[in-house]
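What follows is each chain in one-letter form.
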Amino acid sequence: MRALQWQGPNQLAVGEVPDPRIRTRGDIVVRVRQSVTCGSDLHVLGGSNPYVEKGDVLGHEFVGEVVEHGPDVQRHRKGDRVVVASFIACGRCWFCSQREYSLCDNGGCFGFSHAGSHAEYVRVPFADVGAFTVPDEITDERALFASDSAATGWMGADMAGVKVGDVVAVWGAGAVGQLAARAAILLGADRVMVIDRHENRLHQAEKHIGAETINCDRTDVGAELLDRSGGRGPDVCLEAAGELTAVREAVQLCRKGGSVFVLGLFAGAMDKFPLGSVTSNGLTVRSARMHGQRYIPMLLQRMAKGELTTEHLATHVLPLTQAPEGYRLFRTREDGCVRSVFLP
Amino acid sequence: MTRILAAAVVVAGGLVVARRLARRRRAVAPAADRRWHSLTVYRTLDEVSANLPDRLRTLEVQLRSAPGGRGTELRVRAAGAGLPAGEVERILRLSRSLLEVGEVLR
Ligand SMILES: NC(=O)c1ccc[n+]([C@@H]2O[C@H](COP(=O)([O-])OP(=O)(O)OC[C@H]3O[C@@H](n4cnc5c(N)ncnc54)[C@H](O)[C@@H]3O)[C@@H](O)[C@H]2O)c1
Ligand SMILES: [Zn+2]
Ligand SMILES: [Zn+2]
Numbered sequence: 001m002r003a004l005q006w007q008g009p010n011q012l013a014v015g016e017v018p019d020p021r022i023r024t025r026g027d028i029v030v031r032v033r034q035s036v037t038c039g040s041d042l043h044v045l046g047g048s049n050p051y052v053e054k055g056d057v058l059g060h061e062f063v064g065e066v067v068e069h070g071p072d073v074q075r076h077r078k079g080d081r082v083v084v085a086s087f088i089a090c091g092r093c094w095f096c097s098q099r100e101y102s103l104c105d106n107g108g109c110f111g112f113s114h115a116g117s118h119a120e121y122v123r124v125p126f127a128d129v130g131a132f133t134v135p136d137e138i139t140d141e142r143a144l145f146a147s148d149s150a151a152t153g154w155m156g157a158d159m160a161g162v163k164v165g166d167v168v169a170v171w172g173a174g175a176v177g178q179l180a181a182r183a184a185i186l187l188g189a190d191r192v193m194v195i196d197r198h199e200n201r202l203h204q205a206e207k208h209i210g211a212e213t214i215n216c217d218r219t220d221v222g223a224e225l226l227d228r229s230g231g232r233g234p235d236v237c238l239e240a241a242g243e244l245t246a247v248r249e250a251v252q253l254c255r256k257g258g259s260v261f262v263l264g265l266f267a268g269a270m271d272k273f274p275l276g277s278v279t280s281n282g283l284t285v286r287s288a289r290m291h292g293q294r295y296i297p298m299l300l301q302r303m304a305k306g307e308l309t310t311e312h313l314a315t316h317v318l319p320l321t322q323a324p325e326g327y328r329l330f331r332t333r334e335d336g337c338v339r340s341v342f343l344p
Numbered sequence: 001m002t003r004i005l006a007a008a009v010v011v012a013g014g015l016v017v018a019r020r021l022a023r024r025r026r027a028v029a030p031a032a033d034r035r036w037h038s039l040t041v042y043r044t045l046d047e048v049s050a051n052l053p054d055r056l057r058t059l060e061v062q063l064r065s066a067p068g069g070r071g072t073e074l075r076v077r078a079a080g081a082g083l084p085a086g087e088v089e090r091i092l093r094l095s096r097s098l099l100e101v102g103e104v105l106r
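Sequence lines, in order, name chains A and B. According to UniProt numbering, the first sequence is numbered sequentially starting from 1. According to UniProt numbering, the second sequence is numbered sequentially starting from 1.
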């Protein structure tokens with residue numbers, strides 16, 4: 001089958017790889033209908049990620065149709081349309097029992113440890129845990145984002161403890177930041193402000209998400225956030241930029257006793273962490289890779305009701321054969337690209 | 001380097017990742033290992049002792065209940081001359097997968 005492969009630092013190519021097949025009893029094989037780029041891939045493309053080897057198939061956010069299932073699979077049958085959590089979790093270890101699925105002792109991640117979804121077919125292990133049937137009324141374009149970015153954004157707002165009446169600031173107006181902002185609104189936040197430097201993304205956050213925006217290239221983010229929160233600072237700061245400067249700002253600008261959640265994926269060490277702010281302002285700082293299995297059923301319900309819409313994020317829809325170009329657009333943000341969606 | 005990779009294994013959790021990294025590490029790790037290594041399996045003591053994977057039979061094994069309902073602590077070391085560094089941990093992780101999910105994710 002055809003698939004997008006990482007062929008070395010900043011080298012992507014569509015090539016032929018063997019068709020996936022059922023390997024363990026809880027597997028399904030999915031024919032991919034749509035698969036989308038993610039900011040996390042950008043951390044990988046340059047080649048610094050030790051989990052990705054030459055020839056690996058990228059992609060971890062996808063919707064598709066079940067074509068085959070293993071003997072232990074209960075919840076899925078051939079022909080079902082499913083959306084799949086980007087982290088693979090067994091559902092049977094202690095971490096899964098705590099619903100901390102991305103910490104699973106027996107799991108992995110599509111496009112990193114396991115063949116990814118930028119392909120015609122993908123094998124999904126532990127399908128009863130990680131694959132969810134998509135209700136008929138939800139389009140592929142919407143369901144697709146439940147896989148990873150909507151689940152990540154929701155997790156940030158949820159685990160940071162967003163409450164009714166909160167003032168929330170979100171760094172990054174990519175898909176993850178926008179959907180984190182939407183989650184905060186749906187959880188009852190009073191004011192939600194999204195920070196970015198790309199006007200087209202900020203415009204989306206206003207129009208489709210219902211958030212206020214701050215352009216960090218044009219204004220002093222700190223002064224603006226203080227002013228818009230009556231001098232207190234945001235109750236909750238969600239970092240969805242994947243940038244150290246954004247993490248620092250989130251920690252430094254959060255109100256006393258507030259909560260910071262880091263959604264950006266960082267590997268390794270970080271210098272100049274403003275620990276003093278954490279201590280003297282009594283902050284709670286948390287982070288996690290996304291526990292999608294915990295949120296996807298609820299997200300699909302909200303998508304069906306129209307509370308959570310994502311179609312606007314798919315700014316570029318391309319055939320899989322043009323995936324390298326799709327990544328170029330996504331990486332450079334050229335032509336207003338927010339996410340590139342591939343059709344195998 | 002070893003420290004960073006070891007941390008990455010813990011962070012990644014996934015067996016496949018661990019295996020990939022172990023493959024890279026093995027080339028530079030000759031010393032024989034006779035230490036005890038522990039890992040917790042989310043199954044009761046009875047279940048673990050009744051279903052001990054074959055791979056553990058060549059090793060010294062101790063079992064005890066983990067606190068707080070976390071399952072069973074599996075403590076293992078290589079018998080005799082020891083095993084190459086990383087091998088006992090690898091066997092422990094495979095054993096945990098077998099005990100928790102019945103097979104090893106590939
Ligand atoms: N925790 C998880 O499991 C998980 C899952 C998915 C994505 N992520 C991470 O979430 C982050 C966002 O993902 P995405 O797909 O939306 O990425 P993206 O690259 O499309 O968007 C990131 C946005 O952040 C903005 N930005 C950069 N620096 C900034 C700063 N200092 N202040 C304000 N905005 C800034 C960029 O302009 C960009 O619009 C990435 O780091 C990604 O790795 C984490
Ligand atoms: Zn992602
Ligand atoms: Zn698990």
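Hints were generated in silico from the structure; no laboratory data involved. Do not rely on the hints blindly, as some may be mistaken.
[As the list claims (entries may be wrong)] If you anchor each label on the Cβ, the simulated ranges turn out as follows:
#, chain 1, residue 1, chain 2, residue 2, range
1, A, K163, B, D46, 38 to 46 Å
2, A, K54, B, R70, 32 to 40 Å
3, B, S65, A, T321, 31 to 39 Å
4, B, R35, A, R77, 42 to 50 Å
5, B, L63, A, T332, 50 to 58 Å
6, B, D46, A, L244, 42 to 50 Å
7, B, D54, A, T332, 39 to 47 Å
8, B, D46, A, D19, 49 to 57 Å
9, A, E334, B, S65, 54 to 62 Å
10, A, Q7, B, T40, 37 to 45 Å
11, B, E47, A, R21, 57 to 65 Å
12, B, D54, A, R77, 30 to 38 Å
13, A, R21, B, D46, 29 to 37 Å
From a predicted model like this one, the values you see are computed outputs, not experimental measurements. A virtual CB, placed ideally from N, CA and C, is assigned to each residue, including glycine.
Each hint, compared with the structure:
A hinted range of 38 to 46 Å for the beta carbons of K163 of chain A and D46 of chain B is consistent with their spacing of about 44 Å. Against the hinted window of 32 to 40 Å, the Cβ-Cβ separation of K54 of chain A and R70 of chain B comes to about 39 Å, which satisfies the hint. Our hint of 31 to 39 Å for S65 of chain B and T321 of chain A is violated, since their Cβ atoms are close to 56 Å apart. Separation of R35 of chain B from R77 of chain A is about 48 Å and conforms to the stated range, judged on CB atoms against 42 to 50 Å.
For the hinted restraint 50 to 58 Å between L63 of chain B and T332 of chain A, the CB-CB distance of approximately 55 Å keeps it satisfied. Range check, D46 of chain B to L244 of chain A: Cβ separation about 49 Å, and the 42 to 50 Å hint holds. At about 53 Å, the beta-carbon gap between D54 of chain B and T332 of chain A misses the expected band of 39 to 47 Å. At roughly 42 Å, the beta-carbon separation of D46 of chain B and D19 of chain A lies outside the given 49 to 57 Å, and the hint is violated.
The hinted range of 54 to 62 Å is satisfied by E334 of chain A and S65 of chain B, whose Cβ atoms lie roughly 58 Å apart. A beta carbon spacing of about 39 Å between Q7 of chain A and T40 of chain B agrees with the range 37 to 45 Å that was offered as a hint. Taken as a hint, the range 57 to 65 Å is violated for the pair E47 of chain B and R21 of chain A, whose Cβ atoms sit roughly 31 Å apart. D54 of chain B and R77 of chain A have their C-beta atoms about 35 Å apart, which keeps the hinted 30 to 38 Å range intact.
A beta carbon spacing of about 36 Å between R21 of chain A and D46 of chain B agrees with the range 29 to 37 Å that was offered as a hint.
Consistency with the previously given hints fails for numbers 3, 7, 8, 11, ordered from lowest to highest.
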